[in-house]
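Chains as they are written, first to last, in numbering that gives the first Met the number 0: chain U, 0 to 469; chain Y, 0 to 99.
Check each hint, because a few of them may be wrong.
Said to hold, decoys possible - Derived lysine to aspartate or glutamate pairs resembling EDC-like cross-links, with alpha carbons at most 20 Å apart:
no., chain 1, residue 1, chain 2, residue 2
1, Y, Lys-52, U, Asp-330
2, U, Lys-75, U, Asp-90
3, Y, Lys-62, U, Asp-393
4, U, Lys-388, U, Glu-410
5, Y, Lys-15, Y, Glu-31
6, U, Lys-460, Y, Glu-82
7, Y, Lys-45, U, Asp-445
8, U, Lys-298, U, Asp-330
9, U, Lys-264, U, Glu-224
10, Y, Lys-80, U, Glu-429
11, U, Lys-461, Y, Glu-85
12, U, Lys-457, Y, Glu-85
13, U, Lys-461, Y, Glu-82
14, Y, Lys-52, U, Asp-445
15, U, Lys-457, U, Asp-435
16, Y, Lys-91, U, Asp-445
17, Y, Lys-52, U, Glu-429
18, U, Lys-295, U, Glu-334
19, U, Lys-298, U, Glu-334
20, U, Lys-408, U, Glu-429
21, U, Lys-165, U, Glu-190
22, Y, Lys-52, U, Asp-435
What the hints assert, rightly or not - Footprint (simulated), chain U over chain Y, 3 or more residues, beta carbon under 8 Å:
no., segment
23, 14 to 25
24, 37 to 49
25, 56 to 66
Hints listed in this document are in silico derivations from the structure and should not be mistaken for laboratory results. We put the beta carbon where it would ideally sit given N, CA and C, even for glycine.
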Amino acid sequence: MGKLSPSFRSAISTPIVNKPPHPPAAPSLLSGEIRSLSKKRPPKHSRENQSAQSSAHGEKPKLPTLFKSASLADAKKLYSSFINTTKAPLDVRFYNSLLQSYASIASLNDSISFLRHMSKVQPSFSPERSTFHVLLSTSGNGTDSSLASVRQILNFMVTQGFNPDKATTDIAVRSLCSAGLIDEAVELVREFSQKHSPPDSYTYNHLVKQLCKSRSLSTVYDFIEEMRSSCGATPDLVTYTILIDNVCNGKNLREATRLVSVLAKEGFKPDCFVYNIIMKGYCMLGRGVEAIGVYKKMKEEGLEPDVVTFNTLIFGLSKSGRVKDARKFLDIMAEMGHFPDAVTYTSLMNGMCREGDALGALSLLEEMEAKGCSPNSCTYNTLLHGLSKSRLLDRGIELYGLMKSSDMKLEVASYATFVRALCRSGRIAEAYEVFDYAVESKSLTDVTAYSTLEITLKALKKAGEKGNVI
Amino acid sequence: MLPQRMKTAITDNPKKLANLIDLVNLPSTLREFVGQSQISRLGCFKYVWSYIKTNNLQDPTNKNVVICDEKLKSILLGKSKIELAELPALIKLHFPKNPK
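Pulled out of the complex, with its shape left as it was, chain U reads as follows (with noise of 0.2 Å):
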């Protein structure tokens, strides 16, 4: 709905660290992380070239198993098997794959103590910034991930005469920020602000985002406010579409009014995002015609609106019950070249059901199929419940059986809804099936899940002994 389109989340969170521990699946490894973490840094081409000749080498370096045991004596055995085994020469990818499948799962001091394993056993390997890099980016996903661990990393990297560049404070405080000590992290920015350089734009507006997670917004004006005044580093626009997206996430659209006209005083043009995120605060209060407001400065500003704007302001509407101007949106959005995906359908479903039309939400979903577009698990969710609760309950058990055949989760409110339409109409034991499946396919805790069962039950019997008809 109105989330950050892939794009733009792309330009906040440069996919450098974050990624959960690798499958064990060997041939990503080499690829994976590494190559994203090359990424960053200039000297690309050599790099590119060298995994153009390593994958031309025919797959040498073939790991069957990775690192099972977290204990630093079986992985030098493993090590020095690899090494004996491969007869083709190894680059530094290789030994920072290596040292990274290991330190996904071995504590920190038998990291390092590995990395020194391998280059002694191995003269020709000498470790690169990368492979600090490597270091660092583990070092998150560790229980005991610290301030202090990622000091020690940095210190063993200036031992070794790599000074931290701008890359490293990133992966530092991405990897902080992961194990959720983001204290720390701002602690390391500030500490590295003096010492070395300021923080990118990227590692700046990343700390802005995990900060507006947890904490208040106060704190993060007082950070923004700290970094300009010591180091000169300024909210961009990208900062400032952040700032906006919690502000509205939070429902405080003064506050993001005002951030807005900061942002145009600043010297800023709001872009597409901006404008998105905007419309979505408007959506989530449910307030169709500033919604649609937003739209209309949108055009006059001559900015092209795109599917996320169509998808959040479809929501929007069909939520504040404005179902027609929702399906024109749709005819709009069509007109205008940007196909409707399983999001915009599920808005629009959501409220004819809302609006009582489940058949005609039902032959929406034909239509969307009809176009090629599959609905997801969301959009069959959404169905159930309407269906539920407009009483066509044949409808419903139709399309439970049919989510039950794809394995497709339930999710609270369809669930409940369904349910209760069975007890209503005496389908008791239909209903304990439903729960069963919803146990069994893990849509919802077994608490969660009971209760419901129970309350309705529940409220059924009472229901009944007043002699109610439901």
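Since the structure of chain U is already known, use the hints to place chain Y on it.
Chain Y only, in chain U's frame:
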């Protein structure tokens, strides 16, 4: 329509949640049936329900009715037939509110 309050999630209420998932020392009848000395109310429900399913105790003509076998009878007030809808309430009887 059923009352709105139904929608309020139990999981938000720690007391009610505890009531569902805390392990409770079982009275002897139930202990025999479940084969453990402690179980939560939720666990007990799931156990009984799976017992009904594995032993095919649902009435084939009306799935909403359970025809109790001797074992089941012993824990469900000695009834020979129960409605599935009553099951949670019947099980709740074994889990009285904490007297403390």
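According to a criterion of three or more residues whose C-beta lies within less than 8 Å of a C-beta of chain U, is the segment 14 to 25 of chain Y covered?
holds (count 4)
Between Y:Lys-15 and Y:Glu-31, is the straight-line Cα distance small enough, at 20 Å or below?
26 Å, violated
Taking only the CA atoms, is the gap from Y:Lys-52 to U:Glu-429 under or equal to 20 Å?
13 Å, holds
Are the Cα positions of Y:Lys-52 and U:Asp-445 separated by 20 Å at most?
18 Å, holds
Please work out if Y:Lys-45 and U:Asp-445 have their alpha carbons no farther apart than 20 Å.
9 Å, holds
Keeping to a limit of 20 Å between CA atoms, is the pair of Y:Lys-62 and U:Asp-393 held or broken?
18 Å, holds
20 Å limit on alpha-carbon distance, applied to hinted pair Y:Lys-91 and U:Asp-445:
Roughly 16 Å between the alpha carbons, so the hint for Y:Lys-91 and U:Asp-445 holds.
Distance restraint between U:Lys-75 and U:Asp-90, which requires alpha-carbon spacing of 20 Å or less:
19 Å, holds
Can the restraint linking U:Lys-408 and U:Glu-429 be considered satisfied, given a maximum Cα separation of 20 Å?
The given pair, whose Cα atoms are some 17 Å apart, holds under the 20 Å limit.
Check whether the Cα positions of U:Lys-461 and Y:Glu-85 lie no farther apart than 20 Å.
12 Å, holds
Is it true that the CA of U:Lys-298 sits at most 20 Å from the CA of U:Asp-330?
17 Å, holds
Given the hinted pair U:Lys-264 and U:Glu-224, is their alpha-carbon gap at most 20 Å?
Distance of about 16 Å is within 20 Å: holds.
Checked against the numbered hints given earlier, this structure breaks hints 1, 5; the rest are met.
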